[in-house]
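Residue numbers (the numbering used here), protein chains in the order written: chain H, 1 to 359; chain L, 1 to 368.
What the hints contain is simulated information worked out from the structure, not anything from laboratory work.
Be aware that one or more of the hints could be misleading.
Said to hold, decoys possible - Partial chain L-side listing against chain H, Cβ under 10 angstroms, derived:
| # | residue |
| --- | --- |
| 1 | 104 |
| 2 | 137 |
| 3 | 140 |
| 4 | 218 |
| 5 | 220 |
| 6 | 230 |
| 7 | 287 |
| 8 | 365 |
| 9 | 367 |
Claimed, not checked - Below 27 angstroms or equal to it, Euclidean Cα-Cα: the simulated DSS-like pairs (lysine-lysine) are:
| # | chain 1 | residue 1 | chain 2 | residue 2 |
| --- | --- | --- | --- | --- |
| 10 | H | 87 | L | 315 |
| 11 | L | 152 | L | 139 |
| 12 | L | 200 | L | 263 |
| 13 | L | 200 | H | 87 |
| 14 | L | 143 | L | 46 |
| 15 | L | 139 | L | 315 |
| 16 | L | 285 | H | 87 |
| 17 | L | 263 | L | 143 |
| 18 | L | 162 | L | 263 |
Predicted, not measured: the structure shown is a model, and the values here were computed from it.
Here a beta-carbon is modelled for each residue, glycine too, at the ideal position from N, C-alpha and C.
So you can see what is in the structure, the chains are spelled out below.
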Amino acid sequence: MTGSAHPIGSDGGAGTTLPRRLGSALRTRVRNGDFIRWIGRAGAVIPVLALAFILVTLLLEALPVIAHNGWGFFTRSAWTEGNLYGKTVTTGGIAHPPGASYGALPAIVGTLGTALIALLIAVPVSIGAALVIVERLPRRLASGVGMFLELLAGVPSVIIGLWGALTFGPFLAHHVTPVIARNIPDVPVLNYFRGNVGAGQGLLTSGLVLAVMVIPIIAATARDLIRQVPILPREGAVALGMSDWETARRVTLPWVGSGIVGASVLGLGRALGETIAVAMVCGSALGAVPGNIYATMTTIAATIVSYLDSAFLDTTGYAVRTLAELGLVLMVITLAVNVLARFLVRKVSGTALPVGRGL
Amino acid sequence: MAKRLRVLCAAAAVLPLALLAACSSGSSNSPTSSSGSAPGAASNGKTITETGSTLLFPLFGAWQTDYNTDFPSVTITSGATGSGTGITDAATGLVNIGASDAYLSPADLQTYPGLLNIPLAVSGAAIVYNLPGGKGHVKFNGKVLADIYAGKITKWNDPAIKAINPGMSLPSMNIVTLHRSDSSGTTFIYTSFLNAQDPKDWPIANVGTTVTWPSVPGQLGELGNGGMVAACGTTKGCIAYVGISYLSKTEALNLGTGALGNKSGNFELPETPAIKAALDQFEPKTPASGAQSLINTTAPTGYPIINYEYAIVKKQQASAAEAAAIQKFLTWIVTKGNSSTYLEPVLFEPLPARVLAISQKLISSISG
Numbered sequence: 001m002t003g004s005a006h007p008i009g010s011d012g013g014a015g016t017t018l019p020r021r022l023g024s025a026l027r028t029r030v031r032n033g034d035f036i037r038w039i040g041r042a043g044a045v046i047p048v049l050a051l052a053f054i055l056v057t058l059l060l061e062a063l064p065v066i067a068h069n070g071w072g073f074f075t076r077s078a079w080t081e082g083n084l085y086g087k088t089v090t091t092g093g094i095a096h097p098p099g100a101s102y103g104a105l106p107a108i109v110g111t112l113g114t115a116l117i118a119l120l121i122a123v124p125v126s127i128g129a130a131l132v133i134v135e136r137l138p139r140r141l142a143s144g145v146g147m148f149l150e151l152l153a154g155v156p157s158v159i160i161g162l163w164g165a166l167t168f169g170p171f172l173a174h175h176v177t178p179v180i181a182r183n184i185p186d187v188p189v190l191n192y193f194r195g196n197v198g199a200g201q202g203l204l205t206s207g208l209v210l211a212v213m214v215i216p217i218i219a220a221t222a223r224d225l226i227r228q229v230p231i232l233p234r235e236g237a238v239a240l241g242m243s244d245w246e247t248a249r250r251v252t253l254p255w256v257g258s259g260i261v262g263a264s265v266l267g268l269g270r271a272l273g274e275t276i277a278v279a280m281v282c283g284s285a286l287g288a289v290p291g292n293i294y295a296t297m298t299t300i301a302a303t304i305v306s307y308l309d310s311a312f313l314d315t316t317g318y319a320v321r322t323l324a325e326l327g328l329v330l331m332v333i334t335l336a337v338n339v340l341a342r343f344l345v346r347k348v349s350g351t352a353l354p355v356g357r358g359l
Numbered sequence: 001m002a003k004r005l006r007v008l009c010a011a012a013a014v015l016p017l018a019l020l021a022a023c024s025s026g027s028s029n030s031p032t033s034s035s036g037s038a039p040g041a042a043s044n045g046k047t048i049t050e051t052g053s054t055l056l057f058p059l060f061g062a063w064q065t066d067y068n069t070d071f072p073s074v075t076i077t078s079g080a081t082g083s084g085t086g087i088t089d090a091a092t093g094l095v096n097i098g099a100s101d102a103y104l105s106p107a108d109l110q111t112y113p114g115l116l117n118i119p120l121a122v123s124g125a126a127i128v129y130n131l132p133g134g135k136g137h138v139k140f141n142g143k144v145l146a147d148i149y150a151g152k153i154t155k156w157n158d159p160a161i162k163a164i165n166p167g168m169s170l171p172s173m174n175i176v177t178l179h180r181s182d183s184s185g186t187t188f189i190y191t192s193f194l195n196a197q198d199p200k201d202w203p204i205a206n207v208g209t210t211v212t213w214p215s216v217p218g219q220l221g222e223l224g225n226g227g228m229v230a231a232c233g234t235t236k237g238c239i240a241y242v243g244i245s246y247l248s249k250t251e252a253l254n255l256g257t258g259a260l261g262n263k264s265g266n267f268e269l270p271e272t273p274a275i276k277a278a279l280d281q282f283e284p285k286t287p288a289s290g291a292q293s294l295i296n297t298t299a300p301t302g303y304p305i306i307n308y309e310y311a312i313v314k315k316q317q318a319s320a321a322e323a324a325a326i327q328k329f330l331t332w333i334v335t336k337g338n339s340s341t342y343l344e345p346v347l348f349e350p351l352p353a354r355v356l357a358i359s360q361k362l363i364s365s366i367s368g
């Protein structure tokens with residue numbers, strides 16, 4: 001193909017310059033642009049195929065144990081491989097080591113909990129950062145800060161995990177969380193901030209580490225969006241006597257609202273699926289729903305990565321199949337969040353743009 | 001256009017299934033079909049591949065390097081993937097040798113009938129801790145450790161710890177328990193010890209390479225023996241279990257090494273005489289299959305947490321040349337590779353004579 005690619009581009013598909021060894025039918029196809037069309041089609045189909053392949057593989061792997069684990073999979077907390085040196089037992093047609101029992105509740109709670117904490121922190125911070133970069137900072141400084149945002153987005157997650165496990169987590173546990181835990185009132189919801197603060201690994205640390213990873217994603221997108229807001233409505237708002245904050249809140253942000261929801265969903269996707277950084281700071285407490293916000297926990301992704309090798313030791317295959325089911329749960333959660341986000345974007349973009357529409 | 005779209009959709013639906021069929025026939029768990037084709041390993045005996053135990057990995061690296069110097073025509077590749085992956089890779093023919101800290105269970109042999117577990121060397125696990133100005137060695141037994149890891153003992157000056165450490169001043173400090181967050185053979189032998197000495201508080205279901213640790217406030221999960229050592233070094237009041245090959249590093253960080261109570265109630269340090277004493281007790285008991293737990297010795301002066309490191313190998317290899325190459329390499333490991341040059345730096349012990357004979361017999365049963 002390399003020999004024939006050049007002539008097509010250079011003289012607009014004149015058949016005479018195509019190498020003779022290509023068959024005439026093939027030459028006609030190249031000239032008519034069929035190849036480009038086929039490559040385009042393949043490009044369109046491959047992502048669909050990849051997703052379908054992953055889903056089908058996971059489903060086939062998990063299928064035998066889904067019925068066995070049942071709905072209880074979502075309400076149980078136990079996570080026990082059973083006695084690997086015991087006599088294999090068969091219940092409901094599934095062979096497994098005696099005493100094996102798996103529940104996904106702690107991992108599901110951990111996944112959603114860390115993602116929630118990450119977004120609660122990342123969204124306001126990112127919007128603030130984007131507004132400051134676009135509207136406040138001198139251009140040169142703004143591009144510098146923007147570059148740092150993009151650099152932060154490029155930091156490998158294992159590095160952020162290392163920082164979280166060695167520096168940030170212990171710092172929180174020694175200097176920040178004890179103060180919060182002592183002073184917070186003992187009322188519903190807030191009492192999750194009370195109690196033993198642990199040693200720096202757990203729900204809060206994981207959520208904050210995820211926030212650090214999500215902020216550049218949301219902030220960079222929000223910055224680009226806010227740059228797109230035309231100057232006229234903003235000048236109009238200032239002319240009407242609005243303060244900077246009012247302009248941002250009533251003109252700029254509504255203008256880009258749906259885009260920011262979309263950016264937040266991108267961040268949420270990252271937070272739900274992030275694996276290694278969370279595995280390093282979550283404390284990997286399989287089998288227990290965190291009792292307070294500082295408690296050690298696990299997420300679905302962290303469970304899969306830290307448990308896979310042990311699962312291989314269960315040669316009945318029950319453990320690996322259960323991990324596949326867990327992976328399926330994560331995919332369903334991620335897809336559901338995406339669908340929800342699309343719905344939200346549509347809703348937000350329907351009601352946004354209170355001023356300046358049609359400019 | 002609509003028709004084309006339908007065709008494409010159908011293709012999109014069918015192709016994954018086809019791919020899947022292709023994949024699963026390649027790496028399925030059927031022990032009979034996979035003997036002829038080892039997709040990851042060339043069958044000419046020029047390449048030997050290994051994956052598995054992270055505890056054995058540093059030593060395996062030393063073996064590999066020196067074997068390559070002696071026999072440059074053979075290429076050996078190794079990977080620290082964890083024992084579970086090692087067993088599965090060896091069983092499915094993806095690699096020649098799977099390294100494991102645990103011997104094969106009856107269930108493993110039921111799933112993969114043609115697998116051998118060949119003892120290679122003797123390893124062990126130690127308890128380390130971070131206490132200020134700690135002179136001497138704090139004593140622990142399975143009951144106290146199980147209670148610490150279950151969150152029933154939370155302070156270093158708990159009466160239960162004081163009772164077995166008379167005369168030692170222990171601070172009123174919170175105990176921070178460290179455990180491995182990745183799959184680990186060290187976790188397996190440590191939890192086996194807890195279960196052996198305190199089956200009531202540490203049930204058999206909580207024995208494994210990754211276990212559901214009881215929820216203890218302040219507990220930390222760490223990646224790898226290195227992660228355990230680093231975290232314990234910076235966490236006052238911590239307690240951790242590490243492979244004995246890491247003891248030189250914990251001593252460099254001024255971490256204390258615990259003396260462990262054995263079945264006779266004596267407290268022993270993970271040092272050669274105590275390990276040898278335990279080994280002497282298990283040597284005559286080791287069966288011809290090589291599968292023997294070395295946990296909780298009855299020897300009065302024996303150290304209670306040691307284990308054989310195993311090579312998991314398929315009896316039936318892809319070719320005679322490959323079988324011969326593997327036999328030669330494994331024989332080298334249990335003889336020359338068991339010399340103190342290799343084992344002393346990692347505090348491993350060589351195989352005792354009778355177990356060496358068992359290993360050699362197992363090695364000679366590999367065929368092409």
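How the hints compare with the structure:
no.: 1; hint: 104; in the structure: holds (9 angstroms)
no.: 2; hint: 137; in the structure: violated (24 angstroms)
no.: 3; hint: 140; in the structure: violated (20 angstroms)
no.: 4; hint: 218; in the structure: holds (5 angstroms)
no.: 5; hint: 220; in the structure: holds (5 angstroms)
no.: 6; hint: 230; in the structure: holds (7 angstroms)
no.: 7; hint: 287; in the structure: violated (14 angstroms)
no.: 8; hint: 365; in the structure: violated (21 angstroms)
no.: 9; hint: 367; in the structure: violated (23 angstroms)
no.: 10; hint: 87(H) / 315(L); in the structure: holds (24 angstroms)
no.: 11; hint: 152(L) / 139(L); in the structure: holds (18 angstroms)
no.: 12; hint: 200(L) / 263(L); in the structure: holds (16 angstroms)
no.: 13; hint: 200(L) / 87(H); in the structure: holds (20 angstroms)
no.: 14; hint: 143(L) / 46(L); in the structure: violated (50 angstroms)
no.: 15; hint: 139(L) / 315(L); in the structure: violated (44 angstroms)
no.: 16; hint: 285(L) / 87(H); in the structure: holds (22 angstroms)
no.: 17; hint: 263(L) / 143(L); in the structure: holds (11 angstroms)
no.: 18; hint: 162(L) / 263(L); in the structure: holds (19 angstroms)
Comparing the model with each earlier hint shows violations of hints 2, 3, 7, 8, 9, 14, 15; every other hint is respected.
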